[in-house]
Structure formats: C-alpha cells, structure tokens
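Asks: As they're listed, the protein sequences go chains A and B. Start counting the first sequence at 1; every next residue gets the next number (my numbering). Start counting the second sequence at 1; every next residue gets the next number (my numbering).
Bear in mind the hints are in silico, worked out from the structure with no lab data behind them. Every residue, glycine too, gets a C-beta built ideally from N, C-alpha and C. Among these hints, one or two may not hold up.
Computed footprint of chain A on chain B, listed as stretches where at least three residues anywhere in the stretch have a Cβ under 8 Å from a Cβ of chain A [to be verified]: (1) 17–30; (2) 41–48; (3) 101–107.
Derived Cβ-Cβ restraints for the label pairs, each shown as a range [unchecked claim]: (4) B/G58 <-> A/K235: 56 to 62 Å; (5) B/L17 <-> A/H19: 26 to 32 Å; (6) B/F123 <-> A/K53: 27 to 33 Å; (7) B/G58 <-> A/E243: 52 to 58 Å; (8) B/D3 <-> A/K53: 55 to 61 Å; (9) B/D110 <-> A/M135: 29 to 35 Å; (10) A/P298 <-> B/P113: 27 to 33 Å; (11) A/G126 <-> B/Q138: 49 to 55 Å; (12) A/E212 <-> B/I29: 44 to 50 Å; (13) A/E35 <-> B/L17: 28 to 34 Å; (14) A/N205 <-> B/E124: 47 to 53 Å; (15) A/D246 <-> B/A126: 43 to 49 Å.
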Amino acid sequence: MPETFLDSTELVLNMGPQHPSTHGVLRVILKLDGEKVMGTECVIGYLHRGVEKIGENRTYAMFNPYVDRMDYVAAVSNGLGYCLAVEQLLKVEAPPRAQVVRVILTELNRIASHLLWLGTHALDVGALTPLFYCMREREDVMNIYEKYCGARLTTHAFRIGGLIYETYQGFEQECLEFCDKLLPRIDEYEELLTANRIWQKRLVNVGVLTAEECKDYGVTGPMLRAAGVKWDLRKAQPYSGYETYDFDLPTRTNADSFDRYIVRLEEMRQSVRIIRQGVGRLEVGPVMAKVPKVIKPPIGEAYVSIEAPKGELGYYIVSDGSTQPYRVRVRPPSFVNLQSLDKMCRGGLVADVVAIIGTIDIVLGEVDR
Amino acid sequence: MRDFLRKVFLADLFEGLWVTLRAQHPKNIVTEQYPAARPKVAERYRGAPRLNINPENGETLCIACDLCALACPENLIVVGWERNPETKRKELTTFTYDTSRCMFCGLCEDACPVDALELTQDFELASYSREGQIFDRQMLEEGIHPTPYKH
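Chain B extracted, bound-state conformation (with noise of 0.2 Å):
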C-alpha cells in the first residue's frame, strides 16, 4: 500500500528533486569564476619550469651538470655550455625547454642537485605559436608573465 502511494504520488522523484532544490542555496555554490577569480594553486604544483637564479649576485644557480636532460623521459631539455679556461668550470651558456612536449612529471626537478630548475606555480601556459612554447634561457630566469584578465 505504502509503496502503491509513493508510485501515485511520485514520491520517488520529489525526494530527488529536493536534493537538487537544496543544492541551489548560496552556500552550497562552488562554482570558481576562474578569469575574474584566479585559483591560489597548491605549493608543489607542478606548472611552468623556471630557472632560478641566486639573488644575491644575479648569477644562475645552474651548474650545467646536464643531470636533467639526462633524467627526461621525453628528452626535451637542451643543455649548453662553455668551460671557462680561467676557473675549469662548466657554465652555462643556453637552456631550451620545449613545454609543449612536456608532462610536467617533475623527475628533472628531482634530479636537480642545486635546485636550479623548479616547477612553478605558474599554470596559463598557452601561447600563439608552437614557438612560444619553447622556452629559452632568459624566459626560464624571468619566468612567463600571462595576461591578467580585464574584468
């Protein structure tokens, strides 16, 4: 008999419309208005590869050691350097990072000794051009710098 009434009165759907009617109020809205409200991604994110420098002297934190293009499964960093004749010491002269082949797994970060390469928090990493997406030296150093948004 109970379940005769609940059929004739539709008991079954109304329940669920009241799940969907409670969800509608205010507090219970989660929607990120993502342009007009940039999410604050995590620490370890893995976003945009950066190369760090030291800031006391400006002087790159690289050590040419060639340890990350090593650990690449994609083989798409391009270390370059020079040995100073004065010092005997690697430096570096290039470094290429094609993002656009990248999967952001972070084993290159790993792999670096000197913690001169870093995944950022920077994650708008569209550009016009497949070009765009090769960083050099000095995009890597400087890091990217997307558009913000004009509400």
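Chain A on its own, in the form it takes in the complex (with noise of 0.2 Å):
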C-alpha cells in the first residue's frame, strides 16, 4: 500500500458494472485517498454463461459457434483456436488452401478487434472523433465477413477440418483493396492522436508494467511486446504455416499505455503485410480434410494456443473417446491480462484507471465466458 498523502481516511468507491468505461460488466472496487488510488478490486463474472459447462453437453461440431460468443470482437480467432484444438485430437490437418484462408481472415479480425480497441480507448480518454473511423474501417472487415460466411459479429467461420465455405468471387480484390484502404487511415489516427498533447499526457508514463511483471502476472500479447519481450505465439510456436509468412514484431520498451497503443498501430500494419502474402498465396484446392461425419476423437487431450488478438488464446480439450468432450477449458487472454489491473492502477489517480482499463483491451464475454 502506498503512503496516504491526505490525512484522510480511505474511501471506498464502486465503479461499474454498468458504466461505459468499463467496457462491458466489469466491476471495480476502488480504494481512493482524495484522488489518489490506493488499490482496486475487480469483480467478474456478470456475463458468466457457463461456456465451458456448455461444452460438456455439445457434439464437437455443436460447440463450434459457442466459441464465437465469448470474445465476441475477435469470433474469428477464438474458431480458429477451438477447431486447432480440435483437429489435434483427431490428428487431421487442414489443406493448404484451407489454412491459407484461415490466416486471412484471423488477421482481418486481428484488425478489426484492434480498430475498436483503438475507437474504444479513445474514446474513455476523451478522443471522440476515433471511434467513428475506426467503425467506418471494421465495417469493411464485417461485409468481407459477411459475404464470406453470412455473419458479421458472431461468424462461425471455420468448422473443424477446414472450412466450409469456398471463398467467394472478388474476395482476393476486397481483400487487398482493404489493405490498401487501411494503410492510410491508420496514418490518419496517428495525425489525430499520436502528437496530440492531451493524449500523450494522458497515456505516457500511465499503468506502466514492466517485463519481469508482465512475466509474473502471466500477461500476454501487445501488452507484453510493450514492455519490450519478442513474444508472439506466430512466431514461438508457429500454427496454420504462420512461420511460412514474413512479418515483424514490433516491440517497444516504456511498457505505459502510450506504448501499447504504438504497438497495437503496428501490429495493424504487419496484419496487413500477413494478408498481401496470403492473398498472394491462395491456390486452387480442397478446403475441407477428411473427418468423419460423427466427430469420436481417440481419448488424449490437446492444448492448443494461438496468438489472438488480445494475447495467448489458449484451448484445452480432454476426450474420453465419445462424441462430447469431457472438458474444455479456455485459457482466455483478457482474464489472465485483467488480473494486473490493481498493480497498474495502484498510486495513479482514478482518471487513469479508465485509461488503464482500456489499455489492457478486455471483452467482458471472454473474462467471465
């Protein structure tokens, strides 16, 4: 605990769940000496729906749309992850051209949950203006998702084995035409907000959280290439012929706020070099391996991480050899990366938990599942 500066005592202040910085039903406890934050205290679990529970009672085929819902900005990784998990048990692999898609559109939705993090954020910083640009650029993401696949939030993109849709025509040509589109405008954002004084003095040197402690608190993700460790799980333990791609981490090293949204901007444009090569890479072929019509995996399990937008993604699959799982845990990066909210927050003021919020990039449906 901090010193008080105040000879007061300690108030005692709830913030949420239903407050808009708080990015969905969060709820903090804030322990305040005047302005000062002295601890803080989350409380989760008001979008618990029992996700993992609901795995239990579904066929594998079943479960796949269920994944989409917990961290709904980013349905398009969390597929990915649960039909990984899945194809590992059954020791199939997706065609080439399958997989080549795959990593189109998990980098599409890498830009678009980075987009209304980038809208959100400023928004609770007090930039209004970003959130309409960043929507008017996801809105092109969600129509390449819908005409690919019929839905925009909650895709259901990828079935386990491959896919299920071909892509359709002009697909390649909206894809690069999105990439090309994009470029400028996260130019654009930079104009509005890198140089800006109120944004800098709202966000540098705010929730700072060093390597060593992003290490300890498990913290993945642009968070951790923040405080400067080359960690991503593209490049550590490459899945769906990510090592095949030529992208670059970028890291930074102040590990504050400003910095995660620096990498978070660059991250976009390493996105879109990743699509350039995919587009550049898809062939004719299959789009679907062969598995069978009743999914039995053998008994084993399987842990499967990917690199999700928010940080590792992570499914853990236990079989016993019928056609529901037995378990299925979620490793979901925003619980793990929440849990350092009160070592940042601790002697700042309350004005930046707000910041501090946004900065981590919670969606409430995957902390709470």
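With the hints as a guide, dock the two chains, each given alone in a separate frame, to form the complex.
Replies: Shown next, in the form of structure tokens:
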C-alpha cells in the first residue's frame, strides 16, 4: 500500500458494473485517498454463461458456434483456436488452401479487434472522433465476413477440418482493396492522436507494467510486447503455416499505455503485410480435410494456443472417446491480462483507472465466459 | 526550437482538427440511412429461416429426416411427421423453429440433405411477443413480411 498523502480516511468507491468505460460489465472497487488510488479489486462474473460447461453437453461440431461468443470482437480467432485443438485431437490437418484462408480471416479479425480497441480506448480517454473512423474501417472487415460466411460478428466461419464455405467471387480483390485503404487510414489515426498533447498526457507513463511483472502475471499479447519482450505465438509456436509468412514483431520499451497504443497500430500494419502475402498464396484446392461425419476423437487431450488479438488464447480439450468433450478449458487472454489491473492502478489517479482498463483491451464475454 | 513553436501554435491539435475537417466532405460520408434506405445484405447472409417448397408442384422439399433438429446446438427445431400408409414414406406435418433461441450458426442448413431448410437474407426479425418468435410451418414456407417503412 502506498503511503497516504492526505490525512484522511480511505474512501471506497464502487465503479461499474454498468459503467461505460469498463467495456462491459466489469465492477471495480476502488480504494481511494482523495483522488489517488490506493488499491483496486475486480469483481467479475456478471456475464458468466458457463460456456465451458455447455461444451461438455454438446458435440464437437455443435460447440463451435459457442466459442465465437466468448471474445465476440475476435470471433474468428476463437473459432480458429477451437478448430485447431479438435483437429489436433483428431490428428487431421486442414488443407493448404483452407489454412491460407484461415490466416487471412484471422488477420482481418486482428485488425477489426484492434480498430475497435482503438476507437473505444480513445473514447475513454476523451477523443471522440477516432471511434467513428475506426468503426468505418471495421465495417469493411465486417462486410468481408458477411459475404464470406453470412454473419458479421459471431461468424462461425471455420469448421473442424477446414472450411465449409469456399471464398466468394472477388474475395481476394476486396481483401487487397481493404489493405490499400487501411494503411493511409492508420496514418490518419496517428495524425489525430500520436502527437496530440492531451493524448500523450493521458497515456505516457500511465499503467506501467514492466517485462518482469508481465511475466509474473502471465500477461501476453500487445501488453507484453510493449514491455520489450519479443513474444508472439505466431513466431514462437507457429500454427496454420505462420512460419512461412514474413512479418515483424513490433516492440517498445517503456511498457506504458502509450507504447501499447503504438504497438497495436504497428501490429495492424503487420497484419496488412500478412494478408497481402496470404492473398498471393491462394491456390485452387480442397478446403476441407477428411473428417468423419460424427466426430469422435480418440481418448486423449490437446492444448492448442494461438495468438489472438489480445494475447495467448488457449483451448485445452480432454476427450473420453465419446462424441462430446469431457472437458473444455479456455485460457482467455483478457482474463489473465485483467489481473494486472490492480498493480497498474496503484498510486495513480481515478482518471487513469479508466485509461488503464482501456489499455488492457478486455472483452467481458471472454473474462467471464 | 521547432518543437517549442509547434507547442506554442498548437500544431498538434490543428493537425488533428484538419483530419476531422477533411472527413466532413460529402463524398466521405458513409452513414447508411437505414429504415429509409434498406441495406442489401450478402447472398450468404444467415437470417430468418425458410422452408423451401418445390416451385413446380408447391409441395415441401423437406423429407422429415430430422437431421436439422439433431444438428441444432440449441434443440430449437421440432419436426413433426407421419408415415403415409400408401407410399410408406415419411411426410412432414408440422415444423417449428424457435428463432428466439436461435443463434444463426447455420448448422441446420449445413445438415439438410435436400436444401429444404435455408437461412435467408431477411434480417428484420422483431416481433411484439415471444410467441411471434416461434415460426411454424406456414410462416417458414411463406417467409416473414416486415412492415415497410414509410418515409
């Protein structure tokens, strides 16, 4: 506990669960000394739907749409993680064309997720305009999803063993057009925010979490990379053929909220690079591997983790040889990253708490599951 | 010196403001005027369910195989059928589809072997009661008719 600087009693203030800046239904109990935060306590569970338990009562194919509803701004990444885990249990691999389409769609999802993050985070901090611009670009990604699989948010785009939908006419063209359009737009966001003195005052040296502390808390994703650790599962344990793509891992060293903003913007540019390479690799071929109609994996367990937009997203599935999983455990990035909130908030101001919640990039659907 | 002048003349703020002003140009306006102008959703859009009928004789395409009901994660499809004593084939009698519980995942339409059940491009599914969300066979075959918006 930091020392009290006002000779006053501790004030306990309740923030949320219905608070616009908590990105959903997060309740934070703030212990305040004047305007200074002495400690915080997260209360979660307001959006608990028991997804892991639902998984035990559904067949493998039936559970697939539910995983989209955990991290609903990055539904495609969730679907990829789940499909890869079941594919590992079944010991099948998606055909090359399916893997390329998967990579393109998940990278588009990373861009969409980061765009939504940027818009809402800027809104929390006080910049209203970027939200509208980010939503405008995100709409293009949503349109690609709608044309590809028929849904915009909870896509259910992938199936176990590959894809069920072939790409539509003009898919490659639209992806490339979106990439060409996005890059100048990212520069536009930078023009709006990066040099802005209010933006800098609100973010620089706010919510510092050093590399050592990140490792202690198990924090992954852009937060870890903003602390200077070059760790990305796409490079460290490549899946879906990521080892063959050429992209960089943006890192920064200050480990504050501003660095996380820079890292996420740079990640969007890297995703554009991956999408462009992926579109060039689309070859004619099957999109579905040979998977039995009734999926009955052999007895065993599988843990597959992928780099979701928010960090390491892991699926641990135990099979007892029946048509339904014995246990599905999700390792969500938001839940783990949220635990560092208290550490980052201590000693800061109340207004910083809002900025720090934004900078973690949480989705409560994923925290509570 | 340059940084100092930029700070004094609020260059960072004006640069940002210029971005905002640029977006005011009429060709940069992207808002959809939804009820007045209806969006055209994609061909593969998964919206209101429909039970297709054979256009030639008006009979249902559904063979009452119950595969959609088995594939549904939410168990919201109920297929009623009886066996025709003459042809010895299953014939569809009732079909209920509870859209209030549906998450439009598309597993039922994937499971259908004869392309009878289909998720269509109709997206206006609101109704005034919970019962209105439960589609019976007649509704599924005729499709939903949302009230057109009068401007």
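Asks: Against this structure, judge whether each hint is valid.
Replies: Hints, verified against the model:
1. Against chain A, the region 17–30 of chain B contributes 5 residues with a C-beta closer than 8 Å to a partner C-beta. That satisfies the three-residue criterion, and the hint holds.
2. Coverage of the region 41–48 of chain B by chain A holds. Counting CB-CB distances below 8 Å, 6 residues qualify, and the rule asks for three or more.
3. With 5 residues bearing a CB less than 8 Å from a CB of chain A, the region 101–107 of chain B meets the requirement of three and the coverage assertion stands.
4. Separation of B/G58 from A/K235 is about 59 Å and conforms to the stated range, judged on CB atoms against 56 to 62 Å.
5. Under the hint 26 to 32 Å, the C-beta atoms of B/L17 and A/H19, about 30 Å apart, fit the expected range.
6. Between B/F123 and A/K53 the Cβ separation comes to about 31 Å, which falls inside the hinted range of 27 to 33 Å.
7. One distance hint, 52 to 58 Å for the beta-carbon pair B/G58 and A/E243, holds here, with the actual separation near 56 Å.
8. In this structure the hint that B/D3 and A/K53 lie 55 to 61 Å apart at CB holds, the actual value being about 57 Å.
9. The hint said 29 to 35 Å for the Cβ distance between B/D110 and A/M135, and at roughly 31 Å that hint holds.
10. Separation of A/P298 from B/P113 is about 28 Å and conforms to the stated range, judged on CB atoms against 27 to 33 Å.
11. Look at A/G126 against B/Q138: about 54 Å separates their beta carbons, and that is inside 49 to 55 Å.
12. The given range of 44 to 50 Å is respected by A/E212 and B/I29, whose C-beta atoms sit roughly 49 Å from each other.
13. In this structure the hint that A/E35 and B/L17 lie 28 to 34 Å apart at CB holds, the actual value being about 30 Å.
14. A/N205 and B/E124 have their C-beta atoms about 49 Å apart, which keeps the hinted 47 to 53 Å range intact.
15. Between A/D246 and B/A126 the CB atoms are about 48 Å apart, so this pair conforms to the stated range of 43 to 49 Å.
The structure is consistent with each of the numbered hints, conforming to all of them.
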